[in-house]
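Chains A and B supply the protein sequences, listed in that same order.
Under our numbering, the letters of the first sequence match residues 1 to 520, in that order.
Under our numbering, the letters of the second sequence match residues 1001 to 1324, in that order.
Quick caveat, the hints were computed from the structure, so don't treat them as lab data.
All of these numbers come straight from a predicted model, not from anything done at the bench.
Using N, Cα and C, we set each Cβ at its ideal position, and we do this for glycine too.
One thing to keep in mind: the hints can contain errors.
[As the list claims (entries may be wrong)] Computed footprint of chain B on chain A, listed as stretches where at least three residues anywhere in the stretch have a Cβ under 8 Å from a Cβ of chain B:
1) 26–33
2) 141–153
[Claimed, not checked] Straight line, CA to CA, 30 Å or less: simulated DSSO-like cross-link-like pairs of lysine-lysine:
3) 409(A) with 486(A)
4) 187(A) with 1090(B)
5) 1149(B) with 10(A)
[Said to hold, decoys possible] These stretches of chain A come out as covered by chain B in the derived footprint (C-beta under 8 Å, 3 or more residues):
6) 225–234
7) 293–307
Residues per chain, in single letters:
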Amino acid sequence: MGDHHHGPAKGLSRWLFATNHKDIGTMYLWFSFAMFLVGGAFAMIIRAELFQPGMQLIRPEFFNQMTTMHGLIMVFGAIMPAFVGLANWMIPMMIGAPDMALPRMNNWSFWILPPAFLLLLATMFMEGGGPAFGWTFYAPLSTTYAPPSVTFFIFGVHILGLSSIMGSINIVATVMNLRAPGMTYMKMPLFVWTWFITAYLLIAVMPVLAGAVTMMLMDIHFGTSFFSAAGGGDPVLFQHVFWFFGHPEVYIIILPAFGVVSQIIPAFARKPLFGYDSMVYATASIAFLSFIVWAHHMYTVGMPIAGELFFMYATMLIAVPTGVKVFNWITTMWRGAMTFETPMLFCIGFVVLFTIGGFTGLMLSIAPSDFQYHDSYFVVAHFHYVMVAGAVFSMTAAVYYWLPKWCGKMYNETMGKTHFWISFIGFNVTFFPQHFVGLAGMPRRIPDYALQFADFNMISSIGAFIYGASQILFLYNVIATIVGGKPISDEKVWDGAEGLEWTVPTPAPFHTFSTPPQVR
Amino acid sequence: MAMQETATHEEYYVPEKSGMAVSATIGLVMSIFGAANVLNDMTFGEPGAETNSWAILIAGLFWFVGTLFVWFRSTIRENLAGMNSGQLKKSYVLGMFWFIFSEVMFFFAFFGALFYVRVLVGPWLAGEGEAGAMNHLLWGGFEFEWPMKQTPQEAVGGAAAQAIANNGSFVSPGTSMAFSEVSAWYKWLPLWNTIILLSSSVTVHIAHLGLLKGDRKQFNLWLGITVTLALIFLYIQYVEYYEAYAHFGLTLNSGIYGSTFFMLTGFHGFHVAMGMTMLLIQLIRSVRHGHFTSDDHFGFEASSWYWHFVDVVWVGLFLFVYIL
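Just need the whole structure built from these sequences, with the hints factored in.
Here it is as structure tokens:
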């Protein structure tokens, strides 16, 4: 093409009219971090209220809005866009492509996100308040008993789905069509593999979520009876449709995290990843199994016993490929020449804490036990071990790992390590006690609690404040690096790192691979 | 791989910056905001209150459609100017394929709801299964049949019926859309619609064959026939809906049969309208501008794939909504 592609445009139009995968990736990453801080602020409000028993700071209905918004914003606004941002930055550079396959659609799938979240946040100021029915928005709480703002919530979810589907189609087309010569499927870096499979999950389940909220919309405004037994429907139908989306969704969140960890651990163990092939097959198996386990979120709604058993055994099967992955990460580190820079620390933190989250998941998968744990703080502890110590830790590791490549400057290692240790301690202080209060019977999504849970809740709140504060340190470190970090020029920032992204100059130029590299 | 040999890697596609995404976003958000307000006015608003919700919705839709028009036009112009590499065309093919797959999954959600209700929920509400005793207390007297001629609310009846339905009102239809309800087979509209839609898949294929051998006349003629069949289909569906509301008492309010019937056929009808619009645009491009050659006609190909998809969904509908 022409010779008008030398550098980025100046000013705001560079971002508004972007077609460059690096610019769009950068926007995704900053947007998701902003949403991470907003969702985090909501979490701080929740923990401040739960600092002591009794009602201190906020009203119960506002507490419900906080738990709902915290969940929605963290899942759809922080974690998912963060990984899409990473995909935008890294996938073309990892497979030797000049850009994403469909750059203008790429820009569109980003730009519909900010208005969607503005709309979602605006619902809190509408008459009747914002969504207060939990991030899982079960009917009839979200239909018959919902505030009028639910209509905006529904359309907001439609837009998020549209964004995810377009982003995923782009990733699939890029991976299938733009790999450099010689970059066969089984040579692709694992981050590309995990995102490739994640993109299929997204294309398959986001339309189902759209279907679920559309049925809600019809029930609310047009008198249909999908979720009303009086008309022959069933509120439990909502849960089935929602979790058919919702369970693959949790793998949509964690598979890219697996990919990141599989890139970083070999780099700092200075050994190739152990069992590359088995990693690919394990990822695909997890993705497949995620479609046939959804009702393990619904053991207590009164399913037939055959259903309980099927979903229980299918869920337990997931432990096998997940175990393969954890085994491979540990075996990669075994007898490696290990060093412990910040990205590696976060990855080791990931492996340890994610495995704990996996084990509590196994406990929850056992239907008769789940009758005891269901909707308790044990569940809250479980999914924060996989969402925060899983997805967010790996995100953080990815930022520290690739930031020098992105901006050509080195972050402050001492500050990075401090960030890790404060995060690690703060996280465990927050969520480990929640296992105990959960097993002792404290329900989730309740603004007040019985006195015997007071001590553990206070510890939990203190940990949450520590963890929250550590993210400010992270933000400071990233900005300080971009503004005034120590410049570096080595192509290979980390001596053990492998892959095409380390063959381009540092910082990565605006356009990489305008002629494809040859992969041997 | 074969495609890597055909793709010219020296002509990688990196478009210039483009304002279309932002413009499309403005149109989309305006439409969404207007639509949400229209619905909330309808359900929660003061009756007869003056609002500008409709104006916002319509302005947003115009903006959105206008942007898409400009977007597609520039894409077509780039292709005509020879700027598109074989590799980019392959990306378009992949994009369209996976887009159609996502549409399949959207219908899957509604078909799933239909099966779940028919196979499990209905019998449970009528007292079957482990939890049946409870439902027997709640919905005493409810007998399950499909199409559902009496909703659980009606079966309970009396003063309790209003409260138990959360103040909803689910009045079952007098007549269903099933074959058994018509006096003669030729009065059964879905049969005609099936014939029309299936033949339209054939006609669009004949048009494609014409294009492949460079016969512009055959292409235009058979594509025109396809669009006409689509219009007839939509008209018959309109007549069917009118009969349902005006004569059968089958509405969105008439319990789960009406809900699933209108949602499945309605979304399908919407997709038929979309597919017809796509094919019509290709027809206009061919007749007025002479677009498409025998080896470069992705716009038409993508529309025809979409059309076949719509056809396959209809076969599922005909089977599970009308016949079984």
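Right, here's what the structure says about each hint:
1. With 0 residues having a beta carbon nearer than 8 Å to a beta carbon of chain B, the segment 26–33 of chain A misses the requirement of three or more and the stated coverage is violated.
2. Counting residues of the segment 141–153 of chain A whose CB falls under 8 Å from any CB of chain B gives 4; the rule of at least 3 is met.
3. Taking the CA atoms of residue 409(A) and residue 486(A), the gap is about 5 Å. The hint holds against a cut of 30 Å.
4. Straight-line distance between C-alpha atoms of residue 187(A) and residue 1090(B) comes to about 22 Å, which keeps the hinted pair within the 30 Å bound.
5. With a CA separation close to 66 Å, the supplied pair residue 1149(B) and residue 10(A) exceeds the 30 Å bound.
6. Only when three residues or more bring their CB closer than 8 Å to a CB of chain B does the claim for the segment 225–234 of chain A stand; here the count is 9, and the claim holds.
7. As drawn, the segment 293–307 of chain A meets chain B at 3 residues by the rule of a beta-carbon pair under 8 Å; at three or more, the given contact holds.
Hint violations for this structure: numbers 1, 5, all remaining hints satisfied.
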